[in-house]
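Protein chains in written order, with this note's numbering: chain G, 3 to 312; chain X, 918 to 1211; chain B, 23 to 536.
In case anyone wonders, no lab produced these hints; they're calculated from the structure.
A portion of the hints provided could be inaccurate.
Far from chain G, some chain X residues (derived; all Cβ distances over 12 Å) [to be verified]:
hint, residue
1, His933
2, Lys986
3, Ile989
4, Phe997
5, Arg1019
6, Phe1038
7, Val1043
8, Lys1056
9, Asn1057
10, Val1059
11, Ser1070
12, Ile1105
13, Ile1136
14, Glu1137
15, Lys1138
16, Leu1141
Here are some chain X residues pointing at chain B (derived, C-beta under 7 Å) [unchecked claim]:
hint, residue
17, Leu934
18, Tyr1046
19, Ser1050
20, Leu1055
21, Thr1058
22, Met1133
23, Ser1139
24, Asn1140
25, Asn1153
Beta carbons are placed, not taken as given, at the ideal position from N, Cα and C, and that holds for glycine.
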Amino acid sequence: MKKKLPKSNRMHLKKKTMAITMMALPGIICLILFNYMPMFGLILSFKNFRYDLGFLRSPWCGFDNFKYYFTSQDVWRTTRNTIGYNLVFIVSVTVTALVLAMLLNEIRSKTAVKVYQTTMFFPYYLSFSVVAYIGYSFMSTDYGVLNRILNMFGMESISWYSEPKAWPFILPAIHLWKTVGHSVILYYAAIISIDSSIYESAEIDGATGFQKAVKITLPLISPIIIVLTILSIGKIFHSDFGLFYLVPYGSGILQSTTDVIDTYVYRSITQIGNIGASTAVGLYQSVVGLFLVMASNIIVKRIDKESAIF
Amino acid sequence: MVEKKENVFLKEALIHLLFILIAICFIYPILLLIGISFSDMGSIMKNGYRLIPEKFSLQAYRYVFASPKRLINGYLVTAFSTTVGTVTSLFVTSLLAYALSRQDYVFRKKISFMVIFTLLFNGGMVPWYMLISNYYKLKNTVWVLILPYLINSWNVIILRTFFQGIPKEMIEAADIDGSSEFRTFFSIIVPQSTPSLAAVGFLIMLRYWNDWYLSMLFIEKSNLHTLQYMIYNMMNKVREMMQDASAGNMSLEDMPTETVRMATVFLASGPVLFVFPFFQKYFVKGLTVGSVKG
Amino acid sequence: MKRLVTALITVLCAVMLISFSACNGIGTGVTQQDKAVNDGTSEAIEQSGTSNPADEYAKIIWYMRADSQRDFEVVMKKANEILKEKINAEIDMRFVEPASYNEKMKMVIASNEYYDICFTGAGYNDYYGNAAKGAFLPLNELLPKYAPKTYAQIPEDFWEAVRVGGNIYAVINYQIVGRQTGMYMLKEYQERYNFDLSKAAKFEDMEQFLKVIKENEPELYPMSSAKQPLYIIDGFYSMGIDEIGQRHSPGVVAVGDETLTVVNQYEMQSYIDRLHTVRDWYLKGYISKDAVTDMSSSAMLEGKVPVHYGNMKPGSEIEVRGSFGGREIVLQKFDNAFVNTSSISATLNAISYATRYPEKAMMVLEMANTDKEFYNTLCFGIEGVHYNKIGENEIELVQNSGYYPNKAWAMGCQFNAYVIKGQPLDIWERTIELNETAERSKLLGFVFDPSSVSTEIAQCNAVIEEYGPGLWTGSLDPDVYLPQLVEKLKAAGSEKIIAEKQRQINEWVAKKSK
């Protein structure tokens, strides 16, 4: 093994950079074509869009489009709901998925692992119209499973679709049911990539299962946990539209606890066809998200430089 | 020694029990769905939704299979777009992710930022539609079902994180051996990352399989419609009928009942169940042990 | 931190640079080019041009709201043969599934995608909104020139209903416009309890039947309902409400009010009374507790909902049977027929502002609205394959034929359609008669321009979506929630909307009397 000379070192670096850039190129081209090019649409936030004038010639209207959302009575309510639910989602899904993934790792039977994983994953690929329908089969006032169980215990049926207070529990439960499988898969993949010899030496030192989990597993898979969490924080002003719009079946009275920014925009703004206004709200959501990501990234950098996103 | 064995056994048994309970919770709603698809509407009206259908009936399936040709077409189109899409997307995504995972790559920070920026900022549906339809001329082609989803920044970042966990010494060793970057990627990185590649690959596959949005926007020839789009239309027939009613027009057709809708959903989601074990094969421990030492 | 900010700014600049240079082609290209064509064309019309574009061949793209059909290609081929022979044109018809039609067309229009004709209407593809934003071509001159028969066969004052800013932007698909409501009941229930339907003359009268049914069959919910129930939407007239602009937006005129005073319908006594009736029925168990989730339509299909209130027109008893799962029904009319602006603009076809063939497109629409051969091919397919003629104007559909979009009312003048077996033979004559004898709204021809109060309307929408479904299905107590609704509407600017509506109406009246 000869050590390379300084001059060829630089050339080697150049060759390496070229090669890696070649690898990255297809992905970058896709990003440009499908993500960056459409960004010119953001100017619609400041325009009064007319179809016959198009993007360039429609008149500017300053911050008028932002009025639709920001002067409404529901600004506080929708923002509170959006952030509140997202925080609950992030915490509940991360904690549950981690616990489940670690427990899965403890099982020795490969077939059992496969079966359990499959069952936890079932709900993830159902579309929300189906999930909404399943929800209905549980929460229907007269035919639903929940009320039939209540009746069996001598309690009265509840009109779930008219009870706003119940939904801050219902929605996170449904969200957890549907998405936890996704995170479990990723965390499990990370866990089994850990070198088992580390565990063996810990066991020789007398570590218990719990200690192993907290002191070995968690730190070693922390990069993926942190990344997923930061990315979720970036989306904290966005919501899963299917969950908030379809599952409550449009029952208006639930809006005090189920209306989020995205559903508000759809209901009030999209219905009147003002594309500029909906783009404006989207811009607002993205800008806030960007700040949050940058902030989280700086915090993470202080703790562990390598885990930061950039 | 005997005590320890019993402890381990008890622990595992408890874990199994927990997972079985969880499995039941997760599956029950879906079994309910299947049960509905096999039952007779009348008994649902009388007794509500039940797991085991009171009166078994194939009427829903008969309705769906009355036009099998369209269903089969939907399967074929979706199978093609999903397979080609998943393989290509996984390939392109992992290449980009690997490039970004190399600390010694000059452009690493700038391109990472570029990738993450797209996660947060979105120009809106309209410009995206305009580009794909009017400028890239992808309408009514099977490629429009594949290309727009090729790169998903989320997946890039996830894979990058996994790749960063691979010991740098392995890469350096290959470099010193004179291996090209591509060779290093395929012969070392990929085998080391089978669990994460399988995980992300599966998620990509789901995205393609479940999509109906691309069909709705860009496909006007019904023989290129995906399965999920057909289901979306069927599930929304009720809303359509209400719209027509308020315009003064009722329909002479029969509306698909709940049972029919559920049957269709089952038929469309079923295949994913069978594909999952294929991915699970790759969830095996990596070959890290002993490759760098010595 | 500083480096990050610099990086951010660099990226944003790069993004803007790339996209602006790219979008020089986007958004302007089609506009300018076609504006030139349009200008050239109107000159041609004035000069009675040298090469008449009306004679040259053109392929017209037409977006229609209908389910894709198995035999689509075959039928379109036949339709195009007819069209080519008669006016030297062909259509590139594109069926878009009804569930996705509105969203898809929104994209097509907003992204300036090329097409010639599209189906639209007050409730489909937002006719009024799109027309106001310049999506459609003004047809004032084209109509009398290239579609004279279509123009003539619809009463003059009906055309006012589709005027936006002084221009007509769509062709009306002439169909039933006189809205009349009444009660439908499953025949077996009428026979079982010996109901005398003539005893019911209005919505509230239905209670006597509901009561009997519920007493004898307590597990049933006899009255049909939905998230936006027809007894609210179609029932506006029965409450004396003549709606203005977007459905449910605050501000209506009382039917027959000569002074045309705009009032808040949510404070009208008749509206409050209707809500109370519905609430009462809900508590008594006549309306399903799940009505607000829209699932009760399947119960109707199974024959578990015997009573239904809705729109009536000649032949509707056949059509409504579908919703009852094909069972036999009987009916009882309630009010007179009523015509207003939105009932006329329910189904239309518009031409894109960027079309390259305005004359040809207009001629295609003329064919669809007057040529029986072409129109019926579009509606029913090919004779002998998809339907069989059993009379001069009567046909019988072939089951599972591979072509039956069932959208005759969207494709052209419905009165030219063949009568389907089961419909009364004189259905079209009776419908036309109904249209002509219906009571006309005093606001007929007035179209509200919402642009100056669009923020308020958007915010009021949100409020109505919140309280509406619950109040309309009786699941919310109107004494508690209706005042909340009114208060929130006021906070969202309902007074401003009402004032604006009044102002525009006064202006319109002044112009008319000149």
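Using Cβ atoms and 12 Å as the threshold, tell me whether lysine 1056 of chain X really stays out of contact range of chain G. The claim stands: lysine 1056 of chain X keeps its Cβ more than 12 Å from every Cβ of chain G (closest is about 15 Å).
Tell me if the interface restraint on methionine 1133 of chain X is satisfied: Cβ within less than 7 Å of some Cβ in chain B. This hint holds: methionine 1133 of chain X lies near chain B, its Cβ roughly 4 Å from the closest one there, short of 7 Å.
Taking C-beta pairs only, is isoleucine 989 of chain X more than 12 Å away from all of chain G? holds, 21 Å
Do the numbers back the hint for leucine 934 of chain X, that is, is its least Cβ distance to chain B under 7 Å? Not OK, violated: leucine 934 of chain X not within 7 Å of chain B, min 36 Å.
Could you check if tyrosine 1046 of chain X really has its C-beta closer than 7 Å to a C-beta on chain B? holds, 5 Å
Confirm or reject: leucine 1141 of chain X is not an interface residue toward chain G, with every Cβ-Cβ distance exceeding 12 Å. holds, 20 Å
Under the criterion of a CB-CB separation shorter than 7 Å, is asparagine 1153 of chain X in contact with chain B as hinted? Holds, about 3 Å.
Check on phenylalanine 1038 of chain X being off the interface with chain G, judged by Cβ distance over 12 Å: violated, 5 Å
Against chain B, is asparagine 1140 of chain X within 7 Å by beta-carbon distance? Asparagine 1140 of chain X check fails; min Cβ-Cβ to chain B is 9 Å, beyond 7 Å.
Verify this label for me: asparagine 1057 of chain X is non-interface relative to chain G, using a Cβ-Cβ cutoff of 12 Å. holds, 18 Å
Would the stated hint for leucine 1055 of chain X survive a check requiring a Cβ distance to chain B of less than 7 Å? Not OK, violated: leucine 1055 of chain X not within 7 Å of chain B, min 13 Å.
Consistency of the no-contact label for lysine 1138 of chain X, given chain G and a CB cut of 12 Å: Nearest chain G Cβ is 23 Å from lysine 1138 of chain X, so the label holds.
Comparing the model with each earlier hint shows violations of hints 1, 5, 6, 7, 11, 17, 20, 21, 24; every other hint is respected.
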